[in-house]
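K.L.:
Each protein sequence line maps, in turn, to chains A and B. The opening position of the first sequence corresponds to residue 1 in the working numbering, with each subsequent residue numbered one higher. The opening position of the second sequence corresponds to residue 1001 in the working numbering, with each subsequent residue numbered one higher.
Calculated from the structure, these hints are not laboratory results. Keep in mind that this is a model prediction, so the values were computed, not measured. Treat each hint with caution, since some may be false.
Between beta-carbon pairs, the in silico distance windows are [as the list claims (entries may be wrong)]:
#1 1189(B) x 68(A): 53 to 63 Å
#2 296(A) x 1205(B): 29 to 39 Å
#3 204(A) x 1284(B): 26 to 36 Å
#4 56(A) x 1213(B): 16 to 26 Å
#5 199(A) x 1320(B): 22 to 32 Å
To spell it out: a stretch of chain B is covered by chain A in this simulated footprint if at least three of its residues, at any positions, have a beta carbon under 8 Å from a beta carbon of chain A; those stretches are [what the hints assert, rightly or not]:
#6 1129–1139
#7 1151–1160
#8 1218–1228
#9 1264–1270
Backbone N, C-alpha and C define an ideal beta-carbon position, used for all residues, glycine too.
Number of protein chains: 2
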Amino acid sequence: MSSYQSIHLVKRPVTNIEASCFESRSHAVEALQDGEFRVKQTHMSLDPAMRGWMSADTESYIPPVALGDVMRASGIAEVIESRNAQFPVGATVMGMFGWTEQAVSNGAGINIIPAGLPAEAVLAVLALPGMTAAQGLLEIAKPKTGETLLVSGAAGSVGSLVGQIAKAEGLHVVGVAGSDEKCRWLVEELGFDGAVNYKTDNIAEKVAELTSKGIDIYFENTGGEIQQVAIDNMNTFGRIVVCGMIADYNTEQPSAGPNWIPIVKKRLSIQGFTMPDHFDKAPQLMQQVSSYLQAGKLKYRVHVLEGLDSAIEGINLLFSGENQGKLLVRL
Amino acid sequence: MSSYQSIHLVKRPVTNIEASCFESRSHAVEALQDGEFRVKQTHMSLDPAMRGWMSADTESYIPPVALGDVMRASGIAEVIESRNAQFPVGATVMGMFGWTEQAVSNGAGINIIPAGLPAEAVLAVLALPGMTAAQGLLEIAKPKTGETLLVSGAAGSVGSLVGQIAKAEGLHVVGVAGSDEKCRWLVEELGFDGAVNYKTDNIAEKVAELTSKGIDIYFENTGGEIQQVAIDNMNTFGRIVVCGMIADYNTEQPSAGPNWIPIVKKRLSIQGFTMPDHFDKAPQLMQQVSSYLQAGKLKYRVHVLEGLDSAIEGINLLFSGENQGKLLVRL
């Protein structure tokens, strides 16, 4: 192949992510320098955090993607040409290659994936989602056996792992998701103790019914009405981990939050976090998540789109909640 | 004296605290049992927490005052009769005696005040306000020299101590209060670096101007519009300590809070607390506060009401913000 395609960010979204934000460009394949290697990407991850990377907001945890640059993404790739002995031809690697068919790297930030691990499991469980779930739940919320966890965005890539790790730790687990099909999957396949369909259930009644001993940990991925209901049902000394607010990322005027009186009355703690602050713990977290995975305690499903260009429209599935499992693109 | 007066809670407030919530009753003085002693109260503290003690809400950190019981309060008293060798006649003591001229105690929860400490300094600095300020600021927010602190309710009993302790710790300190007179007091007398009058200033502009390096710690005593402004100006990894929400205690429908997106983006932590959870640390905190007081670093002022019955109307000064310093009743 003497040329390859990549997708560049050319306009920042205001509310929804429109196709006009992106431009597909063709590149000539250039010769490698010493120490470099070339990869052909096979799987590319689509994640809610991308909405933040596309905006010009400089307060976020990593700088925005510059206009004109290849859109940022993590992915799995195969080394197809190499002048770097640590990354031989044929190796399977993971890294932030972006929305592109090919990339050249000197190895910085690139990890070799052990043979036998399917790319889909790596992106769905061992990569950012699993480390985020483990860091937020185990290191920040510090769950205790017998406690009750409520997790929003429960059928999402992070939420589904949070709930399953919590079950493995002996918690009573209730998830919030956006369809009866997702709710059934949480309870019947993943072993959640209960699930709330925020689009059709009376959220306040259903949460109160399913968390009869109150909520000790609320793992927040979405925002929206569930936030107030969670606060109302929190136990004294409850912990709230704020990992995402996907319901509000695409709105121009973010919705109001709960009043803070219960924070004093119940002495709640609320902690925002993003995994990149804790990358020093990545090896330890990955080991923890791997052990759950090998013990058969973590199920996952992937929603696979086909071909580079499918990312452009496909990313919006994350914000409409239409994706069925970890969203990724097969190239 | 063969009888004494006390004020009993007979009705729970819905919004404002009305005089009809209380009833003054006369009691006959009864003989002491072995181990008991009788006190004549000289000073009684009025505190925002009383609004919570009067409501039937069982989620609060201590049970509500039962209807018919003497209204709860801490105070300073003199032992006037004793069958307990640890509390001899003439001793000055501090305890939760309630809204009453006299009380009988077996010594539980009662502390002897060392000679030479004025009752007003004890109630205004060393009692609940000082321990609350020290616990919230030093133990929870963990300030570092050079950081910026914003404190709401800054002219209040807790807020004024939070700001002064923070100054002693080398922070840049900005307070929010409800009159120009209070703001002048904060800056000219207490040494705050700046003050915002939330009733007349453009809060957003003034806070941004006075906290040009952003806010590292927000100590929340009030709620209201300042909450959103604080969130908007917080630095990454900022800490918010929620000690009170006095602006909302008397409203039937509490106001909405800020959206949670900045909590993720800036990885903020928000921690609600009440001092009674930390009474095990009281001796250590009291020692810390005493050392600041003895070093001349803590100024205070008291707003003194005269006579037991003055508490009934006087408690509302706390919620209108009309009190000028620590509110107490001299009996």
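K.L.:
Against this structure, judge whether each hint is valid.
P.N.:
Hints versus structure:
For the pair residue 1189(B) and residue 68(A), the supplied restraint of 53 to 63 Å holds, since their beta-carbon distance comes to about 56 Å. Here the CB-CB span from residue 296(A) to residue 1205(B) is close to 58 Å, at odds with the stated 29 to 39 Å. For the pair residue 204(A) and residue 1284(B), the supplied restraint of 26 to 36 Å is violated, since their beta-carbon distance comes to about 42 Å. The given range of 16 to 26 Å is respected by residue 56(A) and residue 1213(B), whose C-beta atoms sit roughly 22 Å from each other.
Separated by about 44 Å at the C-beta atoms, residue 199(A) and residue 1320(B) break the suggested range of 22 to 32 Å. Counting residues of the stretch 1129–1139 of chain B whose CB falls under 8 Å from any CB of chain A gives 0; the rule of at least 3 is not met. With a threshold of 8 Å between beta carbons, the proposed coverage of the stretch 1151–1160 of chain B by chain A is violated, since 0 of its residues qualify and at least three are required. Using a Cβ-Cβ cut-off of 8 Å, 3 residues of the stretch 1218–1228 of chain B lie near chain A, which meets the minimum of three, so the contact claim holds.
With a cut-off of 8 Å between beta carbons, the stretch 1264–1270 of chain B has 7 residues touching chain A; three or more are needed, and the interface restraint holds.
Hints 2, 3, 5, 6 and 7 from the earlier list are contradicted by this structure; the remaining hints agree with it.
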